[in-house]
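J.: First to last, the sequence lines map onto chains F and R. Residue numbering for the first sequence follows the numbering used here, starting at 1 and increasing by one per position. Residue numbering for the second sequence follows the numbering used here, starting at 1001 and increasing by one per position.
Keep in mind the hints are simulated off the structure, nothing from the lab. All residues carry an ideal CB built from backbone N, CA and C; glycine is no exception. You may find that some hints are simply not true.
Derived lysine-lysine pairs resembling BS3-like cross-links, with alpha carbons at most 30 Å apart [to be verified]:
1) Lys34(F) / Lys1063(R)
2) Lys1142(R) / Lys34(F)
3) Lys34(F) / Lys1202(R)
4) Lys1141(R) / Lys1211(R)
5) Lys1128(R) / Lys34(F)
To spell it out: a stretch of chain R is covered by chain F in this simulated footprint if at least three of its residues, at any positions, have a beta carbon under 8 Å from a beta carbon of chain F; those stretches are [what the hints assert, rightly or not]:
6) 1028-1038
7) 1195-1203
Derived coverage of chain F by chain R (criterion: at least 3 residues anywhere in the stretch with Cβ under 8 Å from a Cβ of chain R; other residues may be distant) [stated by the list, open to error]:
8) 61-69
9) 81-95
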Amino acid sequence: MKKYLAILKDGFWGGNPIFVQTLGICSALAVTTKVPNALVMGLALTAVTAVSNVVISSMRNAIPHRIRLIVEMIVIAALVILVDQLLQAFYFEMSEQLSVYVGLIITNCIILGRAEAYALQNGPVASFFDGIGNGLGYSSVLVAVAAAREILGSGTFWGMRVMPASYQPIQLMVLAPGAFIMLGLLYWAFTSSRGAQEDN
Amino acid sequence: MSKSGETFKTLAFATVISVISGAALLWAGTALKPRIDRNQKVKKYRHILSSLGIEVPKDASAKDVIEMFETKVAGERLGPIYRFVYKDDGQVKAYAYPVSGKGLWGMIYGFLAVSPDLCHVKQITFYKHQETPGLGAEIEKKWFTDQFVNKSITKNCDGNPDHIILRVRKKGTANKKFEVDGISGATMTTVAVDKFLVSDMKKMLGRAHDKPVSVPAARLAGGEAQ
Chain F
1 MKKYLAILKD
11 GFWGGNPIFV
21 QTLGICSALA
31 VTTKVPNALV
41 MGLALTAVTA
51 VSNVVISSMR
61 NAIPHRIRLI
71 VEMIVIAALV
81 ILVDQLLQAF
91 YFEMSEQLSV
101 YVGLIITNCI
111 ILGRAEAYAL
121 QNGPVASFFD
131 GIGNGLGYSS
141 VLVAVAAARE
151 ILGSGTFWGM
161 RVMPASYQPI
171 QLMVLAPGAF
181 IMLGLLYWAF
191 TSSRGAQEDN
Chain R
1001 MSKSGETFKT
1011 LAFATVISVI
1021 SGAALLWAGT
1031 ALKPRIDRNQ
1041 KVKKYRHILS
1051 SLGIEVPKDA
1061 SAKDVIEMFE
1071 TKVAGERLGP
1081 IYRFVYKDDG
1091 QVKAYAYPVS
1101 GKGLWGMIYG
1111 FLAVSPDLCH
1121 VKQITFYKHQ
1131 ETPGLGAEIE
1141 KKWFTDQFVN
1151 KSITKNCDGN
1161 PDHIILRVRK
1171 KGTANKKFEV
1181 DGISGATMTT
1191 VAVDKFLVSD
1201 MKKMLGRAHD
1211 KPVSVPAARL
1221 AGGEAQ
């Protein structure tokens, strides 16, 4: 169990997909204007990464090396379509707001990266935790960026007003440049705090 | 393993994985389709209702929306085209005509709601399209659609299909008195919307004096094409 916790923590912190591996930046910028959107996007990606890791890991000894990437893409694509359809059936409004970005989970390098770097070498259970850890690492960054952008850009959190009525929202935070600035600041905070830890 | 043996194994594996994922998606698609179709229908109803000026509460359930639509909206066919009618106390308040055409990436569908004399625009909405998010997809945003509200359709409201003055122009070049600003960075979408709106408004005006045939609104809303 301890081993799995370590895998989980490594995906979340030590090997955080966004801050350490610098993967999945595109969607981290696109869907972070509101916290609920970021959370659903993060959960969708976590689910896809975990399941694709398990599926690919269970087949790792059977997959012919030559077509390994194609097989990984088929598995990931099928899972993403499934998630997209489930959202459309059960969370229609959310899927409307996330629009094309759900489909674009396919192109999120985190999933293929974990399949290649982890699932092909490790067992299904460890791969599952690796997927969850990486997914949560991605989600937490998304939610953090979204929280900062929503509070500063709209004066709300989860759609509820948190800033005083006199607060003048910073329009820039809702636009793309706001996402770059916020992500950059968080990146800086993360790497400097981790650097301090490593120095010890 | 021999070379041909390995090739066979690769082919067999590829076939099996394709069949399995294909079957899984087919099953999921069939199982979820009724729900997705219903969600899409409700979305379309919402658009028709709000374009006609009937307020739909944000938290209205799917059932509420369907009921509102079925009790408040009537359908009429005029030759090849059709429209949705909102009557209050027996008085026609607005008509909503379906509008559609080719966008940059795929078909764009919407509703153009007009005053009973076909003189002014009440509201326009787009409910289905595949335009680029942040660019062409801005057509569904309030800032874009609000520009159409209360604009005249023809010169001096004469109803002549050749006198249509409501156009979508390149951003910054529109005469705001009767034209509408397009979207910067999405010229193709802007031109496409202008083109199909003019053609659909022509059809609408051309059939202004036809005798309408009453058809249940829900049946008209079932189809996408005109």
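J.: Now, for every hint given, state plainly whether the structure supports it.
T.: Outcome of the hint check:
The straight-line distance between the Cα atoms of Lys34(F) and Lys1063(R) is roughly 28 Å, inside the 30 Å bound, and the hint therefore holds. Under the criterion of a C-alpha separation no larger than 30 Å, the hint pairing Lys1142(R) with Lys34(F) is consistent with the structure, at around 18 Å. Note on Lys34(F) and Lys1202(R): the hinted pairing is violated, with a Cα-Cα distance of about 41 Å set against a maximum of 30 Å. Simply put, Lys1141(R) and Lys1211(R) have alpha-carbon atoms about 35 Å apart, too far for the 30 Å limit, and the pair is violated.
Of the pairs offered as hints, the one joining Lys1128(R) and Lys34(F) holds, with about 23 Å between alpha carbons and a cut-off of 30 Å not exceeded. Counting residues of the region 1028-1038 of chain R whose CB lies closer than 8 Å to any CB of chain F gives 5, so the stated coverage by that chain holds, three being the minimum. Taking a C-beta to C-beta cut-off of 8 Å, the region 1195-1203 of chain R contributes 0 residues in contact with chain F, too few for the three needed, and the coverage statement is violated. With 5 residues bearing a CB less than 8 Å from a CB of chain R, the region 61-69 of chain F meets the requirement of three and the coverage assertion stands.
Counting residues of the region 81-95 of chain F whose C-beta lies closer than 8 Å to any C-beta of chain R gives 8; at least three are required, and the coverage claim holds.
Of the numbered hints given earlier, the model fails hints 3, 4 and 7; all others are met.
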